[in-house]
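Trainee: Here is how the chains run, residue by residue.
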Amino acid sequence: MTRWLQDNMPKIVLAPSFIAVMVFVYGFIAWTAWVSLTRSRLMPRYEFDSFIQYERLADSPRFETAMVNLAIFGTLFIVIAMVLGLLLAILLDQKIRTEGAIRTIYLYPMALSMIVTGTAWKWILNPELGIEATVKGWGFANFEFNWLVEPDMAIYTVVLAAVWQSSGFVMALFLAGLRSVDEEIIKAAQVDGIPTWRVYSAIIIPSMAPIFLSAFIVLAHLAIKAFDLVIALTGGGPGYATDLPATYMYAMAFSRGDIGQAASSAMVMMLVVFTIVVPYLYSELRTKDD
Amino acid sequence: MKSYVLSTASAIAVCAAGAASADGHAEAEVLHYWTSGGEAKSVAVLQEEFAAKGGTWTDMPVAGGGGDAAGTALRARVLSGNAPTAAQIKGPAIQEWFEEGVLADISSVAEANNWANLLPASIAAHMQCDGTWCAAPVNVHRVDWIWANTEILAANGIEMPTTWDEFNAAAVTLQAAGIIPLAHGGQAWQDATVFETVVLGLGGAEFYQAALVDLDPEALKSDTMIAAFDQMRTMRGYVDPNFSGRDWNLATAMVMNGEAAFQIMGDWAKGEFLAAGKVPGVDFTCASTPGDGYLYNVDSFAMFAIEGDSKAAGQKLLAELIMGPTFQEVFNMNKGSIPARTDVDLSGFDECAQLSAADMASTNDAGTLMPSYAHGMALFGAQAGAITDVVTAHFNSDMSSEEAVQMLSEAVANSQ
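Line by line, the protein sequences give chains A and B. For what it's worth, our numbering labels the leading residue of the first sequence as 1, then goes sequentially. For what it's worth, our numbering labels the leading residue of the second sequence as 291, then goes sequentially.
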């Protein structure tokens, strides 16, 4: 008996969480997939009705806007946050005196929730309260910075706030990566008289490839999940100019009583996540096998 | 019976009531979203009356999202087989819930109290499901109001507009005088509110019915609809540049402070004026938006089919009280709306409410009493949402009216 327990203890301990994950994650994914193939409205119905919800999704200009916004937001957010994070990390890596304090300052926005970030930037970017009003107050009467209320530009304010929030975190990731590069190699390069920028571009950064991948995965899933930032910053507006798939799904499920649409848009979001995560998992698992 | 485990508090209340139910005790668990100051006070009136009649009231307020959160809570409870006794639901959503087969029949109360003759016909129709009564109306909010700063109008020699052309002319005068003509908040539902008053004003009640209630494709693509979008485009020029995302009560404050002249908003805006100590007719003027007709937004309570004699007794008592003249008077005086029943004495109400009641009676006779689409009285959520998407996309871009009309008919077809 004791022997049996010893052998099976790990399985017994893991079983509850395994069951919970199976039911509450994969079970509900399957449920959502099923509902997305029905004509559910206010309440879920379970009669299968082909791909009608996906056809409606494809015909919806609002969902198209949401997907385009996700592409714009995702690309800009990931690229800018990584570039800025790397730049900050390299600058901090120059053995400066108050590194600890500065690192904390840059990392601090990460401690705020997206709701706080969104609300603060909403006020900062509001043309009648924030930057525009302040600069006008200094006497530059023609100064304009009204992206927040400009339908074509509003999505970039979301990028701005998200980058502000996350680039410090990316910096911390990269800083750890920079510090993990073998000192000996760098010293050898310096002895050979190689300029610093070459040391970074040819030695240090290439050896940090895994860190780039981690940063990308973290930022990409933040981008796809983005919801609270948009709600706090623009409320999806002006009009629905800053809608993202997550806010679209919320509106359909909870304001419109259109569960079928909500389920199908959730499935599309999940596919987007899969296209990013699956290659990553594949490469991770393969390197372990080698 | 599952409600025993809902929460300790309600379990105690339910047990206490359950013990007494043998002698015809009434109990009700009421799910509603009246949580802000004035609203909470209004619902407390009902609660007191219910208690005075010996009933046990279990309050279940769900704040947030203009009822979205309450809707979610209600769905979760009905799905888990634990429906509340009564819930605040309105418009076609009542029929949607009825089709799910979960509503109770309160015809006995309605017929005993002669509801059919006390309510305007079109409002009574919302409360009936397939010939039986399934909901009780609480109030009537008028949506097609235009509120104005009296002083500004007098200073610029402007009368309250009775046509949209007059409104446009007034707006041009105001703009020249450096006043924002229209205080507006750029949120989708506010855009939709203005839009439906424009459709009613330009097209008349018959067109409104065809386009925004029956969703007739011909009407949606008609020249009248193009004209309505043209008027929206014109009005886009009358709002200030910073309108995006503004809450409606801040827009009302702009009219109060004299920054802006007009606001188009339902009569909950009156509550803001009154709370700020403004006097109707002196500080602000209320009138129906240009054109004939009346757009109503009626709050109501639907009763859910649940087991237990004491709960059934609670539903009957609740329905009777909701439609009772005292509650209708006190509640609506607090809330800024008017009673749904037409025989309540209105002498205690302000002049805007009296105008609203008079117009409700006359439009009911003329057949121009219409449900508000923007406030979920005319269409199912998905259909209303599809229209609102187009309206707000048009208002917030440089889309042409022809494009908007094309998009509108596609969106409506796609939503069904």
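Don't take every hint at face value.
Stated by the list, open to error - Over 12 Å on every C-beta distance to chain A, these chain B residues come out as not near it, computed from the model: (1) D358; (2) G361; (3) N446; (4) D481; (5) Q499; (6) D530; (7) A683.
Claimed, not checked - Beyond 10 Å from chain A on every Cβ pair, some chain B residues (computed): (8) E329; (9) D349; (10) L369; (11) A383; (12) E386; (13) Q477; (14) A478; (15) G535; (16) N654; (17) A674; (18) D679.
To be verified - Okay, the calculated bits of chain A under chain B, using three or more residues with CB under 8 Å as the criterion: (19) 10–19; (20) 36–43; (21) 178–189; (22) 195–202; (23) 221–230.
Honestly, the hints are just simulated from the structure, not real lab data. Quick caveat: nothing in here was measured; it's all calculated off a predicted structure. Quick reminder that beta carbons are idealized off the backbone N, C-alpha and C, glycines included.
Trainee: A separate judgement is required for each hint: does it hold in the structure or not?
Mentor: Results for each hint:
A cut-off of 12 Å between C-beta atoms contradicts the statement that D358 of chain B is not in contact with chain A; the least separation is 5 Å. At the 12 Å boundary, the C-beta of G361 of chain B falls inside the reach of chain A, the nearest C-beta of that chain being 7 Å off. Look at N446 of chain B: its CB is around 24 Å from the nearest CB on chain A, clear of 12 Å, so calling it non-interface holds up. Here D481 of chain B does not stay apart from chain A, with its beta-carbon only about 8 Å from theirs, under the 12 Å limit.
Here Q499 of chain B stays apart from chain A, with its beta-carbon at least about 22 Å from theirs, past the 12 Å limit. With a minimum CB-CB distance of about 8 Å to chain A, D530 of chain B fails to clear the 12 Å threshold, and the non-interface call is violated. With 12 Å as the threshold on Cβ separation, the claim that A683 of chain B sits away from chain A is violated: the shortest Cβ distance comes to roughly 5 Å. For E329 of chain B, the non-interface assignment is confirmed: its Cβ lies about 20 Å from the closest Cβ of chain A, beyond the 10 Å cut-off.
Residue placement check: D349 of chain B keeps its beta carbon more than 10 Å from all beta carbons of chain A (closest about 23 Å). A beta-carbon of chain A is positioned within 10 Å of the beta-carbon of L369 of chain B; the least distance is around 7 Å. With 10 Å as the threshold on Cβ separation, the claim that A383 of chain B sits away from chain A is violated: the shortest Cβ distance comes to roughly 7 Å. Interface exclusion of E386 of chain B from chain A breaks down, the closest Cβ pair being 5 Å apart, not more than 10 Å.
With a minimum CB-CB distance of about 7 Å to chain A, Q477 of chain B fails to clear the 10 Å threshold, and the non-interface call is violated. Non-interface call for A478 of chain B relative to chain A: violated, since the shortest CB-CB distance, roughly 7 Å, does not exceed 10 Å. Distance check for G535 of chain B against chain A: the nearest CB is about 5 Å away, which does not clear 10 Å, and the non-interface claim fails. Even its closest Cβ contact with chain A, about 29 Å, leaves N654 of chain B beyond 10 Å, as expected for a residue assigned away from the interface.
Distance to chain A contradicts A674 of chain B as a non-interface residue, since its nearest Cβ pair spans about 8 Å, not more than 10 Å. Listed as outside the interface, D679 of chain B is inconsistent with that label: its C-beta sits roughly 5 Å from the nearest C-beta of chain A, within the 10 Å cut-off. Check result for the segment 10–19 of chain A against chain B: violated, 0 residues qualifying (beta carbon to beta carbon below 8 Å, three or more required). Residues of the segment 36–43 of chain A lying with their CB closer than 8 Å to a CB of chain B number 3, which satisfies the three-residue condition for coverage.
Counting residues of the segment 178–189 of chain A whose C-beta lies closer than 8 Å to any C-beta of chain B gives 0; at least three are required, and the coverage claim is violated. Closer than 8 Å: that is the beta-carbon criterion, and the segment 195–202 of chain A has 0 residues meeting it against chain B, so the requirement of 3 is violated. Under the rule that three or more residues need a Cβ within less than 8 Å of chain B, the assignment of the segment 221–230 of chain A is violated, with 0 such residues.
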